[in-house]
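Number of protein chains: 2
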Amino acid sequence: MTSPEIRSRIVETADGLYNAKGIQAVGMDELRAAAHVSLKRLYQEFPSKSSIVMAVLERRHRSWAAGLDAQVRAAGSPRARLLAIFDYLAHWFGEDSFRGCGFINSFAELGAMSPEVAEYARKHKESFQEYVGDLAEAAGAPPYLAPQLSILAEGAQTTAAIAGSSEAAGQARRAAEVLIDAALREGIRGAA
Amino acid sequence: MTSPEIRSRIVETADGLYNAKGIQAVGMDELRAAAHVSLKRLYQEFPSKSSIVMAVLERRHRSWAAGLDAQVRAAGSPRARLLAIFDYLAHWFGEDSFRGCGFINSFAELGAMSPEVAEYARKHKESFQEYVGDLAEAAGAPPYLAPQLSILAEGAQTTAAIAGSSEAAGQARRAAEVLIDAALREGIRGAA
DNA sequence: TTGAATTGAGAACGAACGTTCTCTATATTG
DNA sequence: CAATATAGAGAACGTTCGTTCTCAATTCAA
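Line by line, the protein sequences give chains A and B.
Read in order, the letters of the first sequence correspond to residues 1 to 192 in my numbering.
Read in order, the letters of the second sequence correspond to residues 1 to 192 in my numbering.
Please keep in mind that the hints were generated in silico from the structure rather than gathered at the bench.
Some hints could be false.
Each pair may be met inside one copy or between any two copies, as identical chains are not told apart.
Below are the EDC-like pairs computed for lysine to aspartate or glutamate, each with C-alpha atoms no more than 20 angstroms apart in a straight line [unchecked claim]: (1) K123 x D87; (2) K123 x E167; (3) K123 x E95; (4) K21 x E119; (5) K40 x E167; (6) K123 x E30.
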């Protein structure tokens, strides 16, 4: 078993445990057992728990962005691409393991004491907002639309997590339709 | 110093510390020192840390709901009342101590392992949604408007917390205007 | 095959936590 | 005033955590 394989098994296992129970609730020994590695090997691959946390955040970011992008690319029109964001959320909220956005959660848990966690959460959200911004621009919408849709998506995530239901995705999607159509009317008027 | 005074000083101090550093990052001894009580007195007033956490959540709920209601009542029209929600958020986000919604944060930190924390967060959000629902109904809007505005408000909270900026309140407010006006047009058409 | 390096299993360490206990000093009450 | 209850200060306890260490087993090189 090569080092990269071990590393990714550790990070994948940590991701699942941290998501299910919270980061602080999962000790190194529990992670060691679940990932089927020795403690020695664990510390050989990662110098500390916080470095595992950062690796988990990076994994989450890549996986989330890739999943979103796949759903968006499958949509036809620029307007449908914007709405595909909320279809992705609906799919995500329906998973049994869904327990809210991992970045919001890690920010809430560690952000106050760990500048690197806070910073990474900020960058993740910023990257999402830029992504939405690109989609909105491609749809010909004015710049104010992107933050509005981003806020809707954020709100759907926390609402679904706390309520334990996925209906927020559909509600946010219908709100997004209204906002998009209003913004496109404005955008077209402004461009004319 | 009577017991209720001591209790509320403990809860108030705990609220501040938990908000600033996270619940798990604040030990009982730190709380004892900050609240200027003896450890004996602390455990005389509260049987455990988790009972203090629940008392803090209750305090947060009351204070948040009262602050929101005051802002809403100051608004004139039903439409302005709905928008006052976002003015309240703007004011809140601007406070130095703002570090996100305490219920989202405690849910993220403890919700997975503590059913009572998860349940209390759920009830707090539910009560907010009902409050928005009452305002929306008074404005003559169809029932789908309330969840849309609630989701916007939730999203503004996490966005402002993670980005460390209060601009999400204004962005959410402008989105709310669009949603409210669209819903009122629909509502009037439906009622006619 | 023999010697050196690496591994796994888990004991051990030091710190921190929530909680309880001890002891002394101060109030309270008859 | 004397006897008793109560308070504060903080030591102590048992656990858990992140991290390191020990040591026997195994792998690999020559």
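A quick look at each hint next to the structure:
1. K123 x D87: neither (23 angstroms within a copy, 27 angstroms between copies)
2. K123 x E167: Result: close only across copies, 17 angstroms inter versus 27 angstroms intra.
3. K123 x E95: Answer is neither: 25 angstroms inside a copy and 23 angstroms across each miss the 20 angstroms cutoff.
4. K21 x E119: For K21 and E119, the Cα distance is within 20 angstroms only across copies (16 angstroms; inside one copy 22 angstroms).
5. K40 x E167: Close neither inside one copy (45 angstroms) nor across copies (47 angstroms); limit 20 angstroms.
6. K123 x E30: neither (29 angstroms within a copy, 32 angstroms between copies)
Violated hints for the displayed structure, listed by number in ascending order: 1, 3, 5, 6.
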